[in-house]
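Model the full structure from these sequences, guided by the hints.
Which chain is which? The protein sequence lines are P and F, in order.
FYI, the numbering used here numbers position 179 of the first sequence as 179, with every residue one higher than the one before it.
FYI, the numbering used here numbers position 216 of the second sequence as 216, with every residue one higher than the one before it.
Note that these hints are calculated values from the structure, not bench results.
With a Cα cut of at most 30 angstroms, we get these calculated DSSO-like pairs of lysine-lysine:
# : chain 1 : residue 1 : chain 2 : residue 2
1 : F       : LYS208    : P       : LYS38
2 : P       : LYS52     : F       : LYS212
3 : P       : LYS211    : F       : LYS209
4 : P       : LYS16     : F       : LYS208
5 : F       : LYS209    : P       : LYS202
6 : P       : LYS211    : F       : LYS208
7 : P       : LYS197    : F       : LYS212
8 : P       : LYS38     : F       : LYS209
9 : P       : LYS195    : P       : LYS244
Here are some chain P residues the structure puts well away from chain F; computed CB gaps all over 10 angstroms:
#  : residue
10 : ASP5
11 : LYS15
12 : ASN24
13 : THR154
14 : LEU176
In this text, all values refer to a predicted model and were calculated from it rather than measured experimentally.
C-beta: ideal position from N, C-alpha, C; glycine also.
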Amino acid sequence: MKPEDIISKGECVYKKPSLLTDANMHYCPGCSHGVVHKLIAEVIEEMGMEDKAVGVSPVGCAVFAYNYIDVDWVQAAHGRAPSVATALKRLNPENLVFTYQGDGDLAAIGTCETIHAANRGENIAIIFINNAIYGMTGGQMAPTTLLGMKTATTPYGRRVDLNGHPLVMAPLMAQLDGTCYVTRQSVHTPGAVRKAKAAIRKAFENSMAGKGTSMVEIVSTCNSGWKLTPAQANEWMVEHMFKKYPLGDLKNE
Amino acid sequence: MESEIRLMKGNEALAHAMIRYGADGYFGYPITPQSEVLETLEAEMPWETTGMVVLQAESEVAAINMVYAGAGCGKAVCTSSSSPGMSLMQEGVSYIAAAELPALLINCMRGGPGLGTIQPSQADYFQTTKGGGHGDYHLIALAPSSVQEMCDFVALGWDLAFKYRNPAIILADGIVGQMMEKVVLPEQRSRRTQEEVRKQCPWAVTGKKNRKRNVITSLELEAPAMEKINNHLQAKYKEIEANEVRYEALNTEDCDYLLVAFGSMARICEKVMELARKQGLKAGLLRPITLWPFPAAAIAEAAKKAKGILVVELSAGQMIEDVKLAVNCNVEVRHYGRLGGVVPNPDEVLDALKGMIK
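In structure tokens form, the structure reads like this:
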């Protein structure tokens, strides 16, 4: 008697995406990056684009994204991912080109490249992880850090008179003629994860259809930087981050 | 397109040479005195003929990172700028060198420092040959002294860049970029097909069809591994130094006094040499064509019997350091240079040369 004879064949309802490598992730437990990586791997696989996808990894915690998702990658200088993606897509239009950027990368040092690539309507997808803090360098203020939020460089809380206001990127991007899809998602509940996955898929499909630039902002947690437990970080995000960065589509053409 | 003879500016020749080489992309940002490169490409509309991508970027920073990406997918891509713009690009240049990508860069130098002037200069010699960006790396630096060389060095630069997987730079100046001369443009080469790119550049990011994934990166956090990468780069630079030195030697066999100059200054020094010889002063000229690798052995050889060397540059004295190293300071080496965009006439240089006679 063989095992197959006594074990009935069930329906596979969940598996690790084939494009997620076996490398141990360096992300802290509780961080949103791992979930978003999995979603990107699933979407590329489900679209059958594994041979055509080229990712652009940023400087910041996600710099090593290329170790985890099994497609071609270019590691970009800090903030320059949209410029890198511009050339990749224009020179090889058959490729699925996406950037994966944090708030420091996209909204501080790379604001110029982000706005201009989107304004040109480059056929790329931008995945924007907004956790309101610099993770890799040790928890300094990000452009998206909330007022009053304590970070390594705002030890008494972010103040308007010292640090200016949190930069809200999605409405800026939505008003540009070159963008076709700007949405804000999160990955803190199973329902939110499913919605975020659908948004990533739409962004990838838009870029292959030549509709212009799509940006999927994922309002994320950095429990290490925020100095909270993963569960507390999710609660804090819902209570504070969603007020400044409410979820939903800002533009869907 | 057949080969043809035209009269044009050096900057225009660069653009035509790119198209005819079968270039895949150009990414640039306007800056005087090299804006004709982008203007000519936009007017020629190569995307309608060869399929070459031409894009005016939002900054030099964006442009160099587009070149990083384009070279990363194995394409023949280029950017051009002038001194202040090149300073902005240096981070990207370091990345391109570190990731061993075959990009072509062009600097049509103007006077600095700072915003400086739009008049010609050669004061980016240090930036080009000694680093410019961070880390231990080298660019293959070609110095054209005619419109014909502006044209020819486009093909040479890309060929060397692909041969060694290393960025090459054409270090021109405002004179060579702006002056008009006769130029023989080569016949049109076809762009490589995507299959040819994949075959020539198996490391390139083109989508991982039929192979393991490729990653273009310069990051390595483990120090011993990073040292290994650096040792690999240094071994490559040694190979380039051994194989790719280029120079032109004129009347160096019997010269008592040796002029060393590159680019537009070498053209002026040709006249200086002619005037000197008419007056009975045996002058020779050694013109480095590759500024890196530097023709140190050739200069040492040419200077064997010389009583003195005059290095003529549009700078306060930069290449002179390499010349002194080349001759181990065994011969007197003096510098003559004009700054801030001023170009000397041959008589001024001749006076400086005569001043060396003991």
